[in-house]
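Colleague: Using the sequences and the hints given, assemble the complete structure.
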Amino acid sequence: MSPLRERAAVSYVLAAPGGLWMLVALVAPTLFIAWVSFWASRTFALSNALTLANYVKFFTRPAYVRVLGDTVEQAIVMMLITGVIGYSIAYFLVVHVRRPAFQLALFLLLVVPFWTSALIRTIAWIPFLGVNGVINQALLLLGIVDRPVEAFLFTRTGITLAQTSFYTLLATGPVVYTLRNIPRSLPEAAQCLHATPLRVFWRIVFPLTLPGVVIGQILVFLNVMADFATAQAIGGHKLAFLGNLVILLYESGQLTFAAVVGVLLMIAMLLGVAVLLKVVDIRRLGAP
Amino acid sequence: MIPWRVRQRLVAATLGTVVGLFLLYQWLPLLIMAVLSFTGPEGGTTFPMRGVSLHWYGELFRVQMIDDFKPPMARSVALALACSITTATLSVAAAQAMRARFRGSGVYFYLILLGVMAPGLLVGFGVALLARMFGLGLAWYSSTFAVHIVWTLPFGFLTMLAVFNRFDRRLEEAALTLRATRWTTFWRITFPLVLPGVIGAGLFGFTLSYDEFARSLFATGPEQTLPLVIYAQFDRQLQPTLYAIGTMTTIVSLGAVTVFALLFRLVKRRNRI
Amino acid sequence: MADRPDLELIGVTKRFGAFTAVRDVSLAVEHGQFVCLLGPSGCGKTTTLRMIAGLEEVDAGEIRIAGVRVNERPPWQRDIAMMFQDFALFPHMTVARQVAFGLEMLRRPAAEIRRRVAETLGAFDIAAFADRKPDTLSGGQKQRVALARALITEPRILLLDEPIGSLDFSLREAVMLELRDVQRRLGISFVWVTHDQNEAFSLGDRVVVMTHARIEQVGTPEDIAERPRTRFVATFVQGTNVFDGTVERAEGDHVRVRTATGSFVVPARDGRPPDPGEAVSFSVRAALVTAQPGGEHVNQVGAVCHAVEYLGAIRRYDFRLVDGRSLKLEEFTGRGRRIAEGEAITLGWRVEDGVLHAPAEAPA
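Chains as they are written, first to last, in my numbering: chain A, 1 to 288; chain B, 289 to 561; chain C, 562 to 925.
Calculated directly from the structure, the hints in this document are not laboratory data. Values in this document were obtained by computation on a predicted structure and should not be read as measured data. Be a bit skeptical, because a hint or two may be false.
[To be verified] Here are the in silico distance ranges between beta carbons for each label pair: (1) B/Arg-458 / C/Arg-746: 44 to 52 Å; (2) B/Arg-454 / C/His-867: 40 to 48 Å; (3) A/Phe-59 / C/Gly-700: 43 to 51 Å.
In this text, a Cβ means the ideal position worked out from N, Cα and C, and glycines have one as well.
Modeller: Below you can see the structure in the form of structure tokens.
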């Protein structure tokens, strides 16, 4: 056994700060939200009686349930869109771009906007989508429409357009990683076994990138579910997802009810991730 | 040309077009925002531009009671620096601990990773509820700092795990056989070799914290960070000042990335010699 | 067209940018032949194989399979199969799926696929792990799976790229013999790429030696080992001594060559005898050099024993000549005494055991 293995005690000391930080600033607050969501009283006291009434209230109000449905629906739509575009980008980057210099340039061009603030990028979308926005001006100029289209700002379409730009690369990154790990000899071997390019893709390449696809889908799912700023900036107050609902309730002082929505949001996210993780084992990705 | 080669080129061209359009899609809003931030004093938030001026940048630097963005920006930078250092330190410690595969390291891995999965808004919400429960005040340097680390630590941690994964253990064992203590071995052998990864972890700490607003939203007291000030503008009449702020902070974060990248290259080059 | 060779390369050339990987290579493989492409890494042998498979485009020349030009055909429409150095087993498929893959791609009926997969799994002795994934198999098992997968479609030609290079040394001998048996039994043409001359010599009906993008010599293993055509082939083949020198004069069918260590007589090559003063090289096999030269050993040279290796059936000596060059000698261990290291001795060989090399070709 390697002498480096005897350091278990040291390991605990090293691991403690990060672990404690997560427990205090993440786990405890999250559990506290769950507890608050069961409080029977609006007053803030640990002695509050617990009840399920808050949850009953949520599910008996169609407006709230619709927000839940909208949020999940938006997440699924975004997963589909970013899945297709994200995979195409990854495939082009890894398979079709051979020159390293070109590869690096493309990589930087893709990643640099991704590194800039999500808020700023949200703002940047506003002049695009409005009635007098760039898209409408371009459409008018090209003669595709004769009146400005109002379908962009304050609509789901607008949110989807903006979110596509924000989240597509989340679906690209993990696929790039898995694609790169496929030895060139595998698709070549399939070709020599009489597989056409399309069948090479569906029988060999795609199954081998599936872990990357799923990781990307998890990232997109989590981000869209938790997104409220895009809806706020582009949807105005006409559209809300669960995050917006939490803010709305918080600002109007309904803390227990905000907690209920928060808990439901977390449950929805956990369920989604659990379903996606059925397909792959995330821990195998880090290994060399 | 050979027909199947033509088909192959066609696929490449189609995918290339998708990538090109997507790049346009990524860059155009940012570029248009930058261009519009130079509109004249009469200009609005969309085309056509009314002249070219630095008016809206000047507006930013004029001291106003409500909308002065300089203190929030200073806070954001200070917070980001603190997060950068803390993330780097905690990541190295946590990842180094993971190498020994201590009992419970599996659970520990997921505990740290939870920071990425948990919706930011709710983490801040929970901290705000807890603070209220215990009658504690919220501030950017305490509660906001705490929730930012929850967000940045997993990225630094994963970076360091990947670095240690590729690290050649035999180098340390060689040092140990040469009678170096564990402490000396870590600082003389291990640390210099993983330094590029540490810088990467620090970079994650900086940029992720600098741009973060979902976690800050509920967890920050009256003294707000820059993203929160910007976020508050969403509900008001949009003004080109916002574009000016956006352009400026984009330049700050790109600057940070560049600085870290240069640092990274410097260290890499030094290690090679 | 049963009379056409299974495979013909006619003036095939491949360039990667400014680098020419394969230059004007011509070769024919008759039906059922076992051909080895032998050469150092980077000599163009793998690129040649990949062009035959269709994985690389041909820049000039023509490739024919069974007499039909296939330059324009993609890999999946060529009557070939290929075995890769790393075996290229699909990590997400079980052994049975893996073996069935080729037939599925040819859209054979399900019943036929089932039957032939079962037969093939049995024939290659891999039925026991039909349901396992490749990462649970040993190197030797992977190799058999790869072979079964390649041969189930009954290709005309099997291309093998260093197929035993990634196996344990102890396994190689057995696998080589097994592959040789399979090839004989099925009567399929094999084109086997290797950098290992032992593989090439023990397996190949014909060996093609390549270097610097071109073919140096094509022949039986005996041709290559005993009559190296060029200086490169002589240096590449183990157990061969190479001498460089200039022609002193032609002596009938022989040539006298002056080297730094003496003047030696070598049979002239067919065709034009070299002119006096011309730079030439010749070689002598280590096994044909003797430490007890008699009258018939016209070529003699003084040497000092530098090192002795005992290899079981033979002893291999490394002598140093007066100019410091090395001269190898191999002899059966049963015969004669062991020469001590440091001992000075006279070595000799017969005129007819020298092989004069063809002049080096200037790169086109």
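Colleague: Lying within 44 to 52 Å: is that true of the beta-carbon distance B/Arg-458 to C/Arg-746?
Modeller: Between B/Arg-458 and C/Arg-746, where Cβ atoms are some 47 Å apart, the hint holds.
Colleague: Kindly confirm whether 40 to 48 Å is satisfied by the beta carbon distance between B/Arg-454 and C/His-867.
Modeller: holds, 45 Å
Colleague: Given a hinted range of 43 to 51 Å, is it respected by the beta-carbon distance of A/Phe-59 and C/Gly-700?
Modeller: For A/Phe-59 and C/Gly-700 the Cβ distance comes to about 59 Å; the hint is violated.
When each numbered hint is compared with the structure, a violation occurs for hint 3 only.
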